[in-house]
Amino acid sequence: MTTPVIKRAAAPAARPDPQDHGTERARHGRLLVRVFGRQPIGIALTAPYAVFIGAIFAFPLGFAVWMSFHDYFFTAPRVSVPHPFVGFTNYKAALSDPDVLNSFVHVGVFLIINVPLTVVLSLGLAAALNQAIVGRTFFRVAYYVPYVTASVAVVGVWLFLFNSGGLVNTLLGPLAPSPSWLVNSFWAMPTIAIFVTWKQLGFFILLYLAALQNVPKELYESAATDGAGKWRSFTAVTIPGVRPATGLVVLLAIVTGANLFTEPYLLTSGGGPDKASTSPVLLMYQKGIEQGRPDVAAAIGVVLVIVVLVIALIGRRFTEGEK
Amino acid sequence: MTSPTQVEELRETSRGSKRKAGRGSRILTTVVLLIGALAFLFPFYYMVVGSLQKEPDTTLAGAFPSLSNITGHNFAQINGSIDLWRSLLNSGIFTGGVLLCTMVFGVLAGYALALLHFRGKGTVFGAMLLMQVVPFQLLMIPLYVLIARTYGLADNYLGMILPYAINSTAVFIFRQYFLQLPGELFDAARIDGANELRVLRSIALPLVRPALLTAVLLTFIGPWNEFLWPFLITKDQSKQPLAVSLANYISTVAASASNPFGAILAGAVVLAVPAVGLFVLFQRKFISTDLGSGVKG
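Line order of the protein sequences matches chains E and F. Quick note: the first sequence, position 33, residue 676 per my numbering, numbers continuous. Quick note: the second sequence, position 54, residue 734 per my numbering, numbers continuous.
Hints listed in this document are in silico derivations from the structure and should not be mistaken for laboratory results. Every residue gets a Cβ at the ideal spot worked out from N, C-alpha and C, and that includes glycine. Possibly wrong hints are sitting among the right ones.
Here's a subset of chain F near chain E, in silico, CB distances under 7 Å, partners left out [to be verified]: (1) Leu713; (2) Glu876; (3) Leu945; (4) Phe959.
Computed footprint of chain F on chain E; a stretch qualifies when at least three of its residues, placed anywhere within it, have a C-beta under 8 Å from a C-beta of chain F [claimed, not checked]: (5) 677–685; (6) 907–921; (7) 933–946.
List of simulated lysine-lysine pairs, DSSO-like, C-alpha gap at most 27 Å [to be verified]: (8) F:Lys915 <-> E:Lys918; (9) E:Lys918 <-> E:Lys842; (10) F:Lys965 <-> E:Lys842; (11) E:Lys860 <-> F:Lys965; (12) E:Lys860 <-> E:Lys873; (13) E:Lys735 <-> E:Lys918.
Start from the sequences, fold in the hints, and give me the full structure.
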């Protein structure tokens, strides 16, 4: 993959510039090359995208951090009011709020259920799909369909399935929890975690399928000659072989958990029984937009991103360390 | 070192032993996959069945359509509450705007990032990768303040489209495809005197047509299914995409309706059909995307 890239990068440099005769013009040209690069038109071609990144990503990112350290509130458009620096006041307000702390605990519960389930199921199903010859396309489509469908649409079905008189409880009979799943403060978050696992699994299966293509066939053959059975060659060859993909799956699952909003908002009508399924993003919405405290909401956002980065680093250590 | 013939022999023996165990485990694998697939597809089947029921029937029998309980009334009911056509049109404008910007500006950026050398390339590429990891939700509050409050673009298509205008994943896919093209083609065209725009239009674009379709499909499902952002900045029902108006129906109106689930499921079917339909039609394109290139790292 890397070799052709390097070759291509070197090729134009090796070709002598027809106008390069040591003239003033050529020297001027070399200066331009040094300042703008060999093909300055690239700057023009990427300009819209660069502006987009600046306006939609970099500036808001800086603005979020700035806002979290200032007293910020909504005003009418183009009204200039002072937003004094308040240090960590917003962070204190955010972190001393039990709802905020609980929302992080809820995401923790979510991740404890979602991440292992996602890794085990998607790797297992991908390995099975990789072998199956009959109906492979059908299976891939079946597993991928929830991923391409709007959350709002599938939330509708889950509400129908998991409400107190729903099909799930009808089938479970006396085993059904009371109060029912989504209005039960113990079950609300696990139900959401299972919903999200189900919804995202197809994407992760595809990631693993792609990774399985990169595991050298020879390793399976040498494992078989060494007398390894199916399970042994799965643990000794497949799992180490797809470790980079596992790292990516864990990271993406954590990012998904951090972004959780639609499911608790809709499945458990705005945070669930006794706020048992609020997520940090849901609180950001409530604090920032409903209650008009965007500065506190921004502080929650900054804390959330820091926590996610820390968990992602630990997760990375974990997936790479289990050698 | 074993000689090639020895390796070949070893392979043969391993294949022989595999063949014996092979059939049984293959059937088992298929059965497991089949059970899984049914679990994955059942909610969709149930969505359609539920959307057609006159009375919500949550018994096991209700999972099978019965002629006496079929009605199109739910679709009329949800259409009466949220104006399906208007919402679909809004979803279409939102999605179309994102697609247009991504295709035009994303192809340009992907081409430049893959094949041109210019100042700032590394910075743009690094920012593109970073954008994939930082959750959009952190940006939600400042973007809301900027777009809705400062620029006054609430209840406005432009305000809806802006944060999604150029899909970074699509830019990445374009870049990967352009990188795969043989560089000599471009050098030859440049020697013949073609400028970069001409090279892009006449050589690069025709060769990456499959990537264009893949990117359209991948980009489509994002804005079509998006809920949080349009939900934040559209309060006016006539500007809301279907995902938002349906969600509002679920969280507010549904409680007081006579057969809320029927109406919700009817709306869900309308919301799901375009994305699922495109996916099933073009599933080969979806599945053969260069996901692998993202995994190797």
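Tested hints:
| no. | hint | verdict |
| --- | --- | --- |
| 1 | Leu713 | holds (5 Å) |
| 2 | Glu876 | holds (5 Å) |
| 3 | Leu945 | holds (5 Å) |
| 4 | Phe959 | holds (4 Å) |
| 5 | 677–685 | holds (count 8) |
| 6 | 907–921 | holds (count 4) |
| 7 | 933–946 | holds (count 5) |
| 8 | F:Lys915 <-> E:Lys918 | holds (25 Å) |
| 9 | E:Lys918 <-> E:Lys842 | holds (23 Å) |
| 10 | F:Lys965 <-> E:Lys842 | holds (20 Å) |
| 11 | E:Lys860 <-> F:Lys965 | holds (26 Å) |
| 12 | E:Lys860 <-> E:Lys873 | holds (14 Å) |
| 13 | E:Lys735 <-> E:Lys918 | holds (21 Å) |
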